[in-house]
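Novice: Model the full structure from these sequences, guided by the hints.
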Amino acid sequence: MRRRILGSIAVLVAFLFVQNPAHANSGGLDSLFNQYGARAQGWVKLPGSDVPVEPPPGYIDTDPNQYSYALQCQVDDDTIDVDCLPGQIECEPREPGGDEGIPIVWRYAPKSISNPAWSDWKSEGGPSCLYDPKPEDVLGNIAARIANDFKQLPIQAAKVTVQPGPHTLKGMETNVFAAASEQSFDVVILGQNVHLEATPVEYTYNYGDGATFGPTMFAGGSISEEEWGTKTRTSHTYKQTGDFRLTVTTGFRGTYSVNGGPPLPITGNGSFASPAQTVSVWRTETRQVAENCIENPNGWACPGSETEAK
Amino acid sequence: MTERSFSFTRGRLVAALVGAGLLLSACQGGTSTPGTSPSASSTSTSPSATPIPTPTPSAKYIPASAKGKAQNVPVPVKPALADQNSKAGLEAFTKYWFALLDYGFQTGKLDEWSELSAPGCVFCSDLKTGVTGDYKDGAWLVGGRLQTPHVEAVTALSEPVQKVTVQVLQTAASSYNADGSKGDKSGTASNSAVVVLTVYKAGAWSVSDMHPLK
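From first to last, the protein sequence lines stand for chains G and L.
Note that this note's numbering numbers the first sequence so that position 92 is 92, with each residue one more than the last.
Note that this note's numbering numbers the second sequence so that position 189 is 189, with each residue one more than the last.
Hints in this document: simulated from the structure, not taken from any laboratory.
Don't take every hint at face value.
[Claimed, not checked] If you want a taste of the chain L side facing chain G, the calculated C-beta under 10 Å gives, among others:
1) Leu101
2) Phe123
3) Cys124
4) Asp126
5) Val131
6) Gln170
7) Ala172
8) Ser181
9) Lys182
[What the hints assert, rightly or not] With a straight-line cut-off of 16 Å between C-alpha atoms, the simulated EDC-like cross-links for lysine to aspartate or glutamate are:
10) Lys111(G) - Glu152(L)
11) Lys214(L) - Asp63(G)
12) Lys201(L) - Asp83(L)
13) Lys214(L) - Asp61(G)
14) Lys214(L) - Asp50(G)
15) Lys214(L) - Glu54(G)
Cβ atoms here follow ideal geometry from the backbone N, Cα and C, with glycine treated the same way.
Specialist: What follows is the structure, encoded as structure tokens:
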């Protein structure tokens, strides 16, 4: 399901590195062994080495698992249980005259086990269908291109509002807030049905005058006209007059799943270059005038005069 | 010839272990049939020519259930290989150590297991506190069985500390109170990895630390 936003004040969208959600080993509950090990420091295998070490400073947590699939009736690397075959799920062709799908089960194993043997994998969920002439390449190929494919999607930009806007005053607290929503998409990649979900989780405000705020979890909010000029978490005071290009970068936590398989994290940045919103910052200037504009149409700041406010 | 069957923690067939001459020490595990002497030579089922029924061990292993904790859990036996200062010896020791931990999850008894690890191992002491706590006041655990399909020593023996990558599978677990009511504690099934740090001293391996592998 896609939703388009009207009146797009577009924003830059970036994807965050994310921990694998909703999986047997994460979320609220885990095995007793892992629960008791929660306090111990986790170690890591750095790329290029088989020897686990303490995580170096700044190391970012990744999904501890690797994923694969097996045929639904497979019981070993090269053995099929013949009695199981009649009970397999049906994988109807998706187009008339097309190929039937292949009944498979998704499985996972710790990433730190290189080249897991058959018994090292654990099944995830019930059987599902895979459609592809070369199933062994599919998962890896989808993973390699998911970030790029995602960039082609019509991602719904967060709606950004500026109060007061688009014109505001130098020295005045200008409130900026973003409204972004969870989005999901169903697409076909390499012949497989891929379901993508993106949840906005943080915002970076770039006010256009060199000042930025964030990344922060605060999207900000609307304030009433009486409150304009008061400081909010996401407001900014422009110190110069002029036109500034304001952008809000929304960080999404993204997952994708292939043919109903486990949700896998979308890693890396998928940024969407988009037009920014222009904020015009004015200064106020006041003078004492003796006559009104009817008495003296050419008086200071009267309509039609040279000093008319533009 | 009397034929007996022993079951080890993961229900492996006796034949291979008997062949390795472990039957004698396995007799301490709790099965006893008065009047029969242990024999190290039976390796397979052979039909008996006499009509006298073969005496079965009276203390049969019964896994834990909602009705009660596991009964007659065989104590894992340390294979001789586990004392060897070699890659194979270290891996055998690590598998044995986890077999003792599995025994602990089934019985609440972790003394023998924790004797093999150092006090500085936080993961180890938290496991001991947790599991013995799960068996306090007559409570018990159902499930939570451990398997270690993949055990690999990854450091050279010349290093002062050895690191072993272990894949740990645990089945789902639930707890019961002494009165048979369901307890608060539970765990899901998991497939995860840890690194075990070990040292070889005075002819034996011991664990200095253990960490989850991210």
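Novice: Provide an ascending list of the numbers of those earlier hints which the structure does not satisfy.
Specialist: When the structure is compared with the hints, numbers 8, 9 turn out to be violated.
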